[in-house]
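K.L.:
One-letter residues, chain by chain:
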Amino acid sequence: MNGLIGKKIGMTQIFDEEGRHIPVTVLEAGPCVVTQIKAADGNDRYDAVQLGFGKRKPKNTTMPMQGHFRKAGVNPVQALHEFRTDGTELNLGDTVDVSLFEGVDKVDVTGTSKGKGFQGRIKRWNQHRGPDGHGSRQVRASGSIGMATRPGRVLKGTHMSGQYGNKTHTKKNLTIVRVDSERNLLLVKGSVPGSKNGIVYIRTSR
Amino acid sequence: MSNIIDSIRNENLRSDLPEFSIGDTICCKMRISEAGKTRVQNYEGVLIARQGTANEASLTVRKISNGVAVERVIPVESPNLTGIDVVRHGRIRRAKLYYLRNLTGRKARIREKFKTKQS
Numbered sequence: 001m002n003g004l005i006g007k008k009i010g011m012t013q014i015f016d017e018e019g020r021h022i023p024v025t026v027l028e029a030g031p032c033v034v035t036q037i038k039a040a041d042g043n044d045r046y047d048a049v050q051l052g053f054g055k056r057k058p059k060n061t062t063m064p065m066q067g068h069f070r071k072a073g074v075n076p077v078q079a080l081h082e083f084r085t086d087g088t089e090l091n092l093g094d095t096v097d098v099s100l101f102e103g104v105d106k107v108d109v110t111g112t113s114k115g116k117g118f119q120g121r122i123k124r125w126n127q128h129r130g131p132d133g134h135g136s137r138q139v140r141a142s143g144s145i146g147m148a149t150r151p152g153r154v155l156k157g158t159h160m161s162g163q164y165g166n167k168t169h170t171k172k173n174l175t176i177v178r179v180d181s182e183r184n185l186l187l188v189k190g191s192v193p194g195s196k197n198g199i200v201y202i203r204t205s206r
Numbered sequence: 001m002s003n004i005i006d007s008i009r010n011e012n013l014r015s016d017l018p019e020f021s022i023g024d025t026i027c028c029k030m031r032i033s034e035a036g037k038t039r040v041q042n043y044e045g046v047l048i049a050r051q052g053t054a055n056e057a058s059l060t061v062r063k064i065s066n067g068v069a070v071e072r073v074i075p076v077e078s079p080n081l082t083g084i085d086v087v088r089h090g091r092i093r094r095a096k097l098y099y100l101r102n103l104t105g106r107k108a109r110i111r112e113k114f115k116t117k118q119s
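First to last, the protein sequences are chains A and B.
Numbering-wise (our numbering), the first sequence opens with residue 1 and increments by one.
Numbering-wise (our numbering), the second sequence opens with residue 1 and increments by one.
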């Protein structure tokens, strides 16, 4: 088991020994409870654990989910996520905390990026503007989106305007700057996707 | 700002620096490493601005070096800042002395503030 569920708290900066500023994102990582175990020799055909993080009021939990939590013997949680294991020693209701990442160098952080709505090609795909002057009527408009008779259609995946953000993103190989087991904090170098208080999934990099 | 962020920003703040304020001439002892060796270099100038709080605080120190104006932004909490000496207290009426940039020579002087005698 190599991952945790956490919450993005915000960014700040700290100094390293050589006096360099390091931009860090502070994550509240865990403690997580084990809510389900999947085993390769069972019905699930693969090894994994489902972890839960945070609190959810029972009255805001659907009846099927309440049953799921009752089966595990844990209180309802805010977020659930599954992490692959290699034949784990964890049991239902066990707690996993941030000390998991002690001695770990790099992590990947998955979160939901900030939603930016319907955006044009310049913001969404970093494309260039058209000319401003000389009677130009194509300042932020799209240019050509393909060829003519052959293929006679727009290729799939052509960069065009549309919904930007509010999408699951993973930032890979973030250096761990500090692990604070007392307060369940994890400081990673650089930014992570999503807004403050957003749920993130943290796992050790391959 | 969240309490957790604040606590990280405020941990291990230094208390070894003397009292100084804007307009003072200060001598910053900067640790620099060059060619594999570290040594302490003094940087003396007029403190013209302070920015930021907690571990993000920094000082803007201006001096005229060989006829060329130099402004250096020094992070207060940097481990490379080994100490500060106050050379001269200045008497000023502003929090930011950016007007000094437009002045040269005798106009760019700051009057010295002498401490009043405590009875």
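In case anyone wonders, no lab produced these hints; they're calculated from the structure.
There's no promise every hint is true.
To be verified - List time: in silico DSBU-like cross-link candidates among lysine-lysine, alpha-carbon distance up to 35 Å:
#1 A:K116 to A:K156
#2 B:K29 to A:K189
#3 A:K189 to A:K71
#4 A:K57 to A:K156
#5 B:K37 to B:K113
#6 B:K37 to A:K106
#7 B:K113 to A:K189
#8 A:K196 to A:K114
#9 A:K123 to A:K38
#10 A:K123 to B:K107
#11 B:K96 to A:K196
#12 B:K37 to B:K63
#13 A:K55 to A:K172
#14 A:K71 to A:K116
#15 A:K167 to A:K156
Claimed, not checked - Not close to chain A: a few residues of chain B, all C-beta gaps over 12 Å, as computed:
#16 I5
#17 N12
#18 R31
#19 S33
#20 N42
#21 E71
As the list claims (entries may be wrong) - Selected chain A positions facing chain B (in silico; Cβ < 8 Å):
#22 I9
#23 G10
#24 S136
#25 Q138
#26 V139
Cβ atoms here follow ideal geometry from the backbone N, Cα and C, with glycine treated the same way.
K.L.:
Now look at each hint and say whether the structure bears it out.
P.N.:
Evaluated hints:
1. A:K116 to A:K156: Within the cut-off at roughly 23 Å; holds.
2. B:K29 to A:K189: 29 Å, holds
3. A:K189 to A:K71: Violated: A:K189 and A:K71 sit about 38 Å apart, past 35 Å.
4. A:K57 to A:K156: Violated. A:K57 to A:K156 sits at ~44 Å, over the 35 Å cutoff.
5. B:K37 to B:K113: Status violated; Cα separation ~39 Å.
6. B:K37 to A:K106: 31 Å, holds
7. B:K113 to A:K189: 44 Å, violated
8. A:K196 to A:K114: 10 Å, holds
9. A:K123 to A:K38: 42 Å, violated
10. A:K123 to B:K107: 49 Å, violated
11. B:K96 to A:K196: The given pair, whose Cα atoms are some 33 Å apart, holds under the 35 Å limit.
12. B:K37 to B:K63: 26 Å, holds
13. A:K55 to A:K172: Answer holds: A:K55 to A:K172 is near 28 Å, not above 35 Å.
14. A:K71 to A:K116: Given pair A:K71, A:K116 is violated - Cα atoms ~39 Å apart, limit 35 Å.
15. A:K167 to A:K156: 20 Å, holds
16. I5: Violated, because the least Cβ-Cβ distance between B:I5 and chain A comes to about 5 Å, which does not exceed 12 Å.
17. N12: Check fails; 9 Å does not lie beyond 12 Å.
18. R31: With a cut-off of 12 Å, B:R31 comes too close to chain A, as the shortest Cβ separation is near 8 Å.
19. S33: Per Cβ check, B:S33 is inside 12 Å of chain A; nearest 8 Å; violated.
20. N42: 17 Å, holds
21. E71: 19 Å, holds
22. I9: 5 Å, holds
23. G10: For A:G10, the interface hint holds, since the closest Cβ of chain B sits about 5 Å away, which is under 8 Å.
24. S136: This interface hint is violated because 40 Å lies over the 8 Å limit.
25. Q138: For A:Q138, the interface hint is violated, since the closest Cβ of chain B sits about 43 Å away, which is over 8 Å.
26. V139: Violated, because the Cβ-Cβ distance from A:V139 to chain B comes to roughly 37 Å (cut-off 8 Å).
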